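Engineer: Sequence:
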Amino acid sequence: MSEWLTGWRVFTQVVDRLRERIEMGVYPVGTMMPSEAELCAEFGVARNTVRRALAVLEAEGLIRTIPSKGRLVLGGEPPAGEPYLYMRIARELREQIERGELEPGAAVPSESELRRQHGVSRSTVRQALDVLEREGLIVSEHGRGRFVRR
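All residue numbers for the sequence shown refer to my numbering, where the first residue is 1 and numbers rise by one.
Derived from the structure by calculation, the hints contain no laboratory data.
Every value quoted in this text rests on a predicted model; they were computed, and no experiment measured them.
Check each hint, because a few of them may be wrong.
[Unchecked claim] Here are the simulated distance ranges between beta carbons: (1) E20 to V139: 47 to 57 Å; (2) Q13 to E135: 41 to 51 Å; (3) R122 to P67: 14 to 24 Å; (4) H118 to M32: 14 to 24 Å; (5) R51 to F147: 42 to 52 Å; (6) K69 to M24: 15 to 25 Å; (7) G143 to G119: 23 to 33 Å; (8) M87 to G44: 34 to 44 Å; (9) R21 to S140: 45 to 55 Å; (10) E60 to V139: 37 to 47 Å; (11) R19 to G105: 46 to 56 Å; (12) P28 to R51: 20 to 30 Å; (13) R21 to V139: 45 to 55 Å.
[Unchecked claim] Subject to a maximum C-alpha distance of 20 Å in a straight line, what follows is the list of computed SDA-like cross-link-like pairs (lysine to any residue): (14) K69 to T31; (15) K69 to S123; (16) K69 to V29; (17) K69 to M87; (18) K69 to E98; (19) K69 to Y84; (20) K69 to R47; (21) K69 to E58; (22) K69 to T124; (23) K69 to C40; (24) K69 to P28; (25) K69 to Q96; (26) K69 to N48; (27) K69 to V56; (28) K69 to G30; (29) K69 to E38; (30) K69 to E36; (31) K69 to R94; (32) K69 to S121; (33) K69 to A55; (34) K69 to L57; (35) K69 to P34; (36) K69 to S35; (37) K69 to A59; (38) K69 to Q127; (39) K69 to M33; (40) K69 to R99.
Note that CB positions come from ideal geometry on N, CA and C, so glycine has one too.
Please take these sequences and the hints and turn them into a complete structure.
Structural biologist: Listed below in structure tokens is the structure:
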């Protein structure tokens, strides 16, 4: 962009331009917004100005901040899926338990099996299993594995 934004309440000008880009599909729904640093360089403004603009867009429901990832474009509608892979894995296992595919007392698939099945890291699988343990759906038995709570 050739022209820098100047004047009082510059962040509202940034908000308007970013909102327009989201509505026009320049930033498609389901993609990540450019980083704060990229937006600062593009608009020639301070990081605080960009953050204020992004906060307005988030309040309007056009974007959502995902810690350690950035800002996801919603376009006014909720995202199609969970922002993290471990959430999807936990949801799938929870649904299997609720449908009775994994009965009380049944062994939960091993970490290595879940890693292969979902193509994720061990820590991602462990995060999913920790969610289910905190929810009280599964229990861990040292040296034996994880089982659906009776």
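Engineer: Hints broken by the structure, by number, lowest first?
Structural biologist: 18, 25, 31 and 40
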